[in-house]
Every structure is written in C-alpha cells, then in structure tokens.
Amino acid sequence: MTTHVTPDRAPLRSWLPGFLALAAIWGASFLFIKVGIEELHPLHLTLYRVATGALTLLVVLAVLRDRLPREPRVWAHLVVVAAFGVALPFTLFGYGEQRVESMLAGIWNATTPLIVLPLAVLAFRTERLTTRRAVGLGLGFLGVLVVLGVWEGVGGSHFTGQLMCFGAAACYGVAIPYQKKFIAGSSYSGLSLSAAQLLVATAQLAVVGPLVVGAPPVPTELSAPVVGSVVTLGALGTGLAFVINLRNIRVAGASTASTVTYLIPIFAVLIGAVVLDERLNWHQPVGALVVLLGVAVTQGLIGPRRPRAEAVTGIPAVPAAEPAAR
1 MTTHVTPDRA
11 PLRSWLPGFL
21 ALAAIWGASF
31 LFIKVGIEEL
41 HPLHLTLYRV
51 ATGALTLLVV
61 LAVLRDRLPR
71 EPRVWAHLVV
81 VAAFGVALPF
91 TLFGYGEQRV
101 ESMLAGIWNA
111 TTPLIVLPLA
121 VLAFRTERLT
131 TRRAVGLGLG
141 FLGVLVVLGV
151 WEGVGGSHFT
161 GQLMCFGAAA
171 CYGVAIPYQK
181 KFIAGSSYSG
191 LSLSAAQLLV
201 ATAQLAVVGP
211 LVVGAPPVPT
221 ELSAPVVGSV
231 VTLGALGTGL
241 AFVINLRNIR
251 VAGASTASTV
261 TYLIPIFAVL
271 IGAVVLDERL
281 NWHQPVGALV
291 VLLGVAVTQG
301 LIGPRRPRAE
311 AVTGIPAVPA
321 AEPAAR
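1 is the number of the first residue of the sequence shown in the UniProt record's numbering; add one for each residue after it.
In short, the hints are calculated from the structure, not lab data.
Any given hint might turn out to be false.
Quick list of simulated restraints, FRET-style, between CB atoms [stated by the list, open to error]:
hint	residue 1	residue 2	range
1	62	206	20 to 26 angstroms
2	160	208	19 to 25 angstroms
3	152	213	31 to 37 angstroms
4	213	281	43 to 49 angstroms
5	156	212	23 to 29 angstroms
6	152	187	49 to 55 angstroms
Beta carbons: idealized from backbone N, C-alpha and C, even for Gly.
All chains should be built: construct the whole structure from the sequences, respecting the hints.
Next up, the structure:
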C-alpha cells in the first residue's frame, strides 16, 4: 500500500492496538487456509473467501455512503489487479499449504516487497533502484535461498509447495506496482477500489473454478471448522482487516503501517506452532530473518532514511492504494 499522507507523530496508544490486531489477523490467515483446504479445493476456498470479503466491504461501503468506481478504465485495470492481487495469490497459497506448513507460507508472504521493488523499477518505472535498495534485494534473496535450503537439494512435494507460496508473493509483486501506476491516482477511496477489486475477483473465480475443478460444494456439506475458517478469512482477514489497515495508515502514516509486514510471519509461525503443532527446520526461521533484514534495508528502516514516507508492502489481504483521505 502506498500513500503520501503521513500525520504528525500520533500517540502510540492510538494506533498500536489496531496495528497488532492486523498483524495477528493476517498472520492467522494461513492457519485458516490450512483448515479450509482440508475439505475445499484451493479454488473453491478462494472463491468463498473472496465472495465473503466482497460482501463485507459492500456493507461497509453502504454504511459509509461511499460508492464503487464508475469509470470503465478503472474497472479494466481492476481486472488485472484482481487476478494478480487476489485470485491467483490466494489460490496459490491454498495449493502451497497442501504441501507445506502454514507457518512456512507466512514466511514466504514476507518476500513480497523483494519482488515488488525490481518490478516497480524495471517494468512499471514507479521506483528508483539505489545502492541501498540493491543491497537489500541481495540480502533478501540470499534469505530466500536459506529458507529453501538449496544445499539440501531441490525437488519433492515440499519444495513444490514452497515455490507455489513464492509464486503467490510474486503475484502480489505484480499487482502492487501495477496498481500504483494505473489506479492509485484515481479519485476513488481505497475502500471503494478494494470492494470493486474483490467483486471482479469473485467473478473471475466463479467462471474459472467450475471449469477447472467443477462446482463448489454447498456450505451445508462442510464441517463447522471449515465454514468458520472461510467466514473468518473473508469477513475478517479479507474484509474488515482492510478497514483496520486504512485507519492505521491515516493515524500512524504509511511507513509505520507498512511495518506490519515484519510481524505477520511472526504471528503465522507462533499460531502454526501452538494451534497446529507445526515445526520448522532451523534454516527456515534463519532465512526468514535474513529476508526481513533485506526488506528493512530496501524500505529504509535500516541505513539512511528516505526523504519521504513511501513504502512497498505485501500482505495476504487486498493490496490497494489509498489516494487521499476523504
């Protein structure tokens, strides 16, 4: 998420509770994906999740008396953003978690800024590559190799699952700079754009899902834990969490709000260990720390500070731009 609206120093108590809640919600999303895929195909899980999130944001739009975009150009760009920012990554995380631990999926999500930056520099021309950022990218991708444990050899279902999770992060890496270049300057609120994005993604999944894996099961055929996971993923993790994130940006500023990226894998690992009794190999958390160090360097949190508040972040919810407070 990118914005240039940064308030003066806000009291810690005004934004920290929402900041921690957001990290916990998005960190727990990987747990709920793990539960959901026990009975649902990843495409069906994503469809139900996104449809629930879209309905939630439509309700919020109605309450706030906001409206959906009306320009055909914006909707055309949202087709791309919905595919790469919602439908593909959510589904890839589902496929990945069929093969790897939920906590490992949370770690791979933290690589998103490492993919956003080179694409933003080379493809979309929305960022500049500085020496500091180049060093951060090098550190980050060294961390990726450590997480993968490449010295142990490649191949197998677990390695494939990790690549799928990395592919999901790569999708965010396409969606975020694309949105910044083609949509962020519009007059619509971030809430409006995200609701529209989820609606488009729901339509995409409703068409593709049945063609690929057949019609989704009716909710009454699912167990209570799976239904609860879908509702939580959609209404809380994909819907209301975005509203919380918007508030964090307005109160604490974009740079501070974007640092939630560093807490998401921590919550994902803790929740996976406590709830699902998952365990990681030693090199995976070590690699995650190197990845986060690289991200911190690219974002200016370590080393010389940037002259203006501008952050690139990857999250398991809808990455959307907030042009200005309205």
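We went through each hint and held it up to the structure:
1. Taking 20 to 26 angstroms as the suggested C-beta distance range, the pair residue 62 and residue 206 conforms, at roughly 22 angstroms.
2. Checked against the hint of 19 to 25 angstroms, the pair residue 160 and residue 208 passes, with Cβ atoms roughly 21 angstroms apart.
3. Distance hint for residue 152 and residue 213: a CB-CB separation of about 33 angstroms, consistent with the stated range 31 to 37 angstroms.
4. At about 32 angstroms, the CB distance of residue 213 to residue 281 disagrees with the hint of 43 to 49 angstroms.
5. At roughly 24 angstroms, the beta-carbon separation of residue 156 and residue 212 lies within the given 23 to 29 angstroms, and the hint holds.
6. Between residue 152 and residue 187 the beta carbons are some 52 angstroms apart, a value that agrees with the proposed interval 49 to 55 angstroms.
In summary, the structure is inconsistent with hint 4 from the numbered list given earlier, while agreeing with all the others.
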